[in-house]
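**Student:** Okay, here's what each chain looks like letter by letter:
Protein chains: 2
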Amino acid sequence: MPSYTAPIRDLEFVLNELLDVPSSDIPGYAELEPSFTGAILEEAGKLARDVLAPLNASGDKEGCRLENGVVYTPKGFKEAFTAMKDGGWNGLDLPEEFGGQGLPYLMNAAVGEIFVAANMAFNMYQGLTHGAISAILAHGSEEQKATYLPRMVSLDWTGTMNLTEPHCGTDLGLLRTKAEPQADGSYKITGQKIFISAGDHDLSENVIHLVLAKAPGGGEGTKGISLFIVPKFMVNADGTLGARNGVSVGNIEEKMGIHGNATCVMNYDGATGYLIGELHKGMRAMFTMMNEARLGVGLQGYAQGEAAYQNAVAYAKDRLQGRAVTGAENPSGPADPLIVHPDIRRNLMDQKSFVEGARAFTLWGAMMIDAAHRKGDAEAEAMISLLTPVLKGFLTDKGFETAVNAQQVYGGHGYIEEWGMSQFARDARITMIYEGANGVQALDLVGRKLAQSGGKPVMAFFEMVKTFLKDNEGDEGLKADFLDPLKAASKDLQAAGMFFMQSGMKNPNAALAGSYDFMHLFGHVCLGLMWARMAKTARAALAAGTSDAAFYETKLATGRYYMKRQLPMTATHLARIQSGADPVMALPAEAF
Amino acid sequence: MPSYTAPIRDLEFVLNELLDVPSSDIPGYAELEPSFTGAILEEAGKLARDVLAPLNASGDKEGCRLENGVVYTPKGFKEAFTAMKDGGWNGLDLPEEFGGQGLPYLMNAAVGEIFVAANMAFNMYQGLTHGAISAILAHGSEEQKATYLPRMVSLDWTGTMNLTEPHCGTDLGLLRTKAEPQADGSYKITGQKIFISAGDHDLSENVIHLVLAKAPGGGEGTKGISLFIVPKFMVNADGTLGARNGVSVGNIEEKMGIHGNATCVMNYDGATGYLIGELHKGMRAMFTMMNEARLGVGLQGYAQGEAAYQNAVAYAKDRLQGRAVTGAENPSGPADPLIVHPDIRRNLMDQKSFVEGARAFTLWGAMMIDAAHRKGDAEAEAMISLLTPVLKGFLTDKGFETAVNAQQVYGGHGYIEEWGMSQFARDARITMIYEGANGVQALDLVGRKLAQSGGKPVMAFFEMVKTFLKDNEGDEGLKADFLDPLKAASKDLQAAGMFFMQSGMKNPNAALAGSYDFMHLFGHVCLGLMWARMAKTARAALAAGTSDAAFYETKLATGRYYMKRQLPMTATHLARIQSGADPVMALPAEAF
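Residue numbers (this note's numbering), protein chains in the order written: chain G, 1 to 592; chain Z, 1 to 592.
Among the hints, a few may not be true.
Identical copies look the same in the list; a pair holds intra-copy or inter-copy alike.
As the list claims (entries may be wrong) - Okay, derived cross-link-like pairs now, DSBU-like style, lysine-lysine, Cα gap no bigger than 30 Å in a straight line:
{"no.": "1", "residue 1": "K317", "residue 2": "K223"}
{"no.": "2", "residue 1": "K75", "residue 2": "K536"}
{"no.": "3", "residue 1": "K78", "residue 2": "K61"}
{"no.": "4", "residue 1": "K178", "residue 2": "K317"}
{"no.": "5", "residue 1": "K506", "residue 2": "K479"}
{"no.": "6", "residue 1": "K506", "residue 2": "K317"}
{"no.": "7", "residue 1": "K223", "residue 2": "K479"}
FYI, nobody ran anything at the bench for these hints, they're computed from the structure.
Please read these numbers as outputs of a predicted model, since none were measured by experiment.
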């Protein structure tokens, strides 16, 4: 059975040293002193290790069930949810006026990694609620906020997001769910929604659904879409619960993974809904929080990688099989531990160097979100907007790959469910699909984000890399191992961008055929930048005579691995991109 | 629900045109006229489509169960197994004296792709039997052959391979199962074996286990291992079944996939076993058939990719979502089919170009095995020995990747078990692990095969590529699209081999740290060679005025895609390899 220990020292390294959070002028950051954030991470780590992680495998095995219209979560989830509520974890970064603690979003992300790594399916009940709260905060009326937020922040009520229908996922313009205006200002919502995570369950008193539907008069396509609040139980004027609303669970989907989360078919049958935000501007309302939502999914990807990695390391140290080619390292035992073998090392280093780079990238992204929201920093907003599809697409593809690699360390035992490694891969797989499939992320990146504001954000990114390289060019200890490879990778990225500009003008397919490779190329450059920065930080600590030299030396060695063995991928991505549209689009559809 | 249609035209292209099988001087090949092999493939295709494929998803869902010591396979498997028996499919390439049809192994591979793609878990009952038959054919006494083979060839009895124990998989020197000699010449076998595919079931009257165990006097490690035949039911002198032997099923493992195949814990409790082959030379006996067994697993990998690809194509043509960026292609419909989108194309082309290259590689490998066995061709034997770890490791990694990519085309529906795409990925995952995990394949390739016979086989491989390039250097139609990229990739492979020779002398870890990348680099060169040859064949057909021009144009376009978009990976693999042992081995074990 797998176990999980929160990587607190690594999280602290990123928060306190790499990002130097307490020195930031983002409102609320001064409060994030190491002793304060450390205590939060410790508490989250305990809950994760003692309560959430032990329910991960059992929740996967048992799954959710629908009986007479009622959804039951796996054994132990209710008690764990109570612990989550009692700890006030959901409100960490939510406004104090609704019962939250008002900390920066950054802390939600740091704690989120811990909870998601311990039990992704479980944490989604809270995660979806958090998303719904964000939408109500941004677009709800004062009355709506007062009605729903206090009880959602406290997790007495939970939330969902209802977008997908059987015939449309990405292309929401096709959606058919109808909203008919009523005399009292409410709407009757009718239609079917599918793939609704945490759609219903036995963890909360009420479920507040946010539903996209078409109200009359909005026109064709996505223009006609509005966003509605549809509570499972009607809420009386005094805040007590009234009658059951006209929304019910049609089915629970059987999925490849995240079995502990109820993915529901939701049937709306003239359910009472309340418009949130402006009429016919539902798409905008739903997607206001898209950067956070997508960063959160990227985080899920690498967090599954982290959990899988921890267990792969333990197995590689424990399992005795074969002898080191350079001579026995455990001569008194029947064989050496797996970790002596170079290819096992290669595999573990791939995992470790990715996860640590991904963590830095994600928390840096979260800091930009805070800068945008708390400081009104338009440049940070533009930068995180550009990087969001990279965070989501690259970190989930690589997170899944990491979980698969960790499973591989176990050999045959990795394929047996009892050992738990299959679950990390199966759970991570969804992160590549939901919240915009990764192909859609690549399209968003190349088709929209690159050209945004005349290309200013991407220019700013290159400028940032250039400045970093210039600022450190005298540091011989960084040059060969970190600066040179980062420079080469960044050049590949620029060349790819140039190719898109030149050939995409003539033929948009030339850019889109390379979009997936561009997303990965960009991801590697971002992780290369993170590793170069972490190396600088680690070297500074070593130069200052830290008492924890082994930690910083390990950081440097792990970073060197990433630069040497992962960054060379940028050349292949560039070569593919520069092959243009022809190889990709050559065949007529009937030739497939 | 997925469906499957045997890709007969593509198989025929490889057999009749690329490999030109009827013209080969390998004994038995002259018989393989297109009309004859075509009829066999057609019949196999019907069985696959009508009987096996419809049981694939239901077998996955239901799985196997153990009740009171008896293993039951999923509903329908018994009837399907009877159809497989009645068709005589198991004996296709087995000797006529034991009831087979004596055709070349090549035909077993071609038909095998069809059956495995339709239902991998089901086909393993036959596949394991085939492996056990091969071992008995190679090492059994005349009496053992007469006793077991006729009924195993007919599938009245099935077979298994028992190697792994709880504490040892790769490192068989650690095994503990004991064989105690008895006065009558038999042995009492005692111990526990795990991960025994098709270990027990309700499909056959008897199960013939081939078991590795240690008999006294053999010395330490793998030297002391012998191979034994242990029947589930004792066989009387007249061939009728006698008492139950002392072997029982301890458990059926719950796995990530191949649920339709019973993966058993087998307990041997003083079971009667019969030595097969020489005492203390069991490892050699078990591994005689390794090339076929591993080629068979590589085939499973790409066959799952083929099945998944077929369904991804169907979905991409059917599902309407979004509009082509170059203008609506289905203007009368609500949206365009997915297949108009460049990134969907990119994904489908990755799948298609891999599967077709893998098929050519595998059938070429099967032809070398026939040349070795039927013609005593030592060079073919050495070549297939070298290429076996590449076939197994590369094709299973890429086959799994292909299944995952196919699943991605379905978006959210790909994650729902009802749609069947998850199963292809879950089933394909095991192929990277069993029959020697892919890291072990890489070790075999770099640690043993490269240096075999003073490097002669790998030199012969390079010579073959060189000769092909030279023979076709005047063909301008091949040059830029096929010959130049193949040449560049082959140079990368040579440079990697050179690096291993130079640095591996000083430090074996320098070679082994790059072994996994070398296996993939080699795989890309092999598929590049296959595509260059297929392009040559296709161009010849077009030049000859074929009536099926679209087929050959499609082959050329698919090949161009592989050369342009997959072969550039060789540069990255080379860069990683040349970074040597340091990045991989830098950390002490406790730093993980």
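**Student:** Honestly, which of those hints from before does the structure not fit?
**Tutor:** 2, 7
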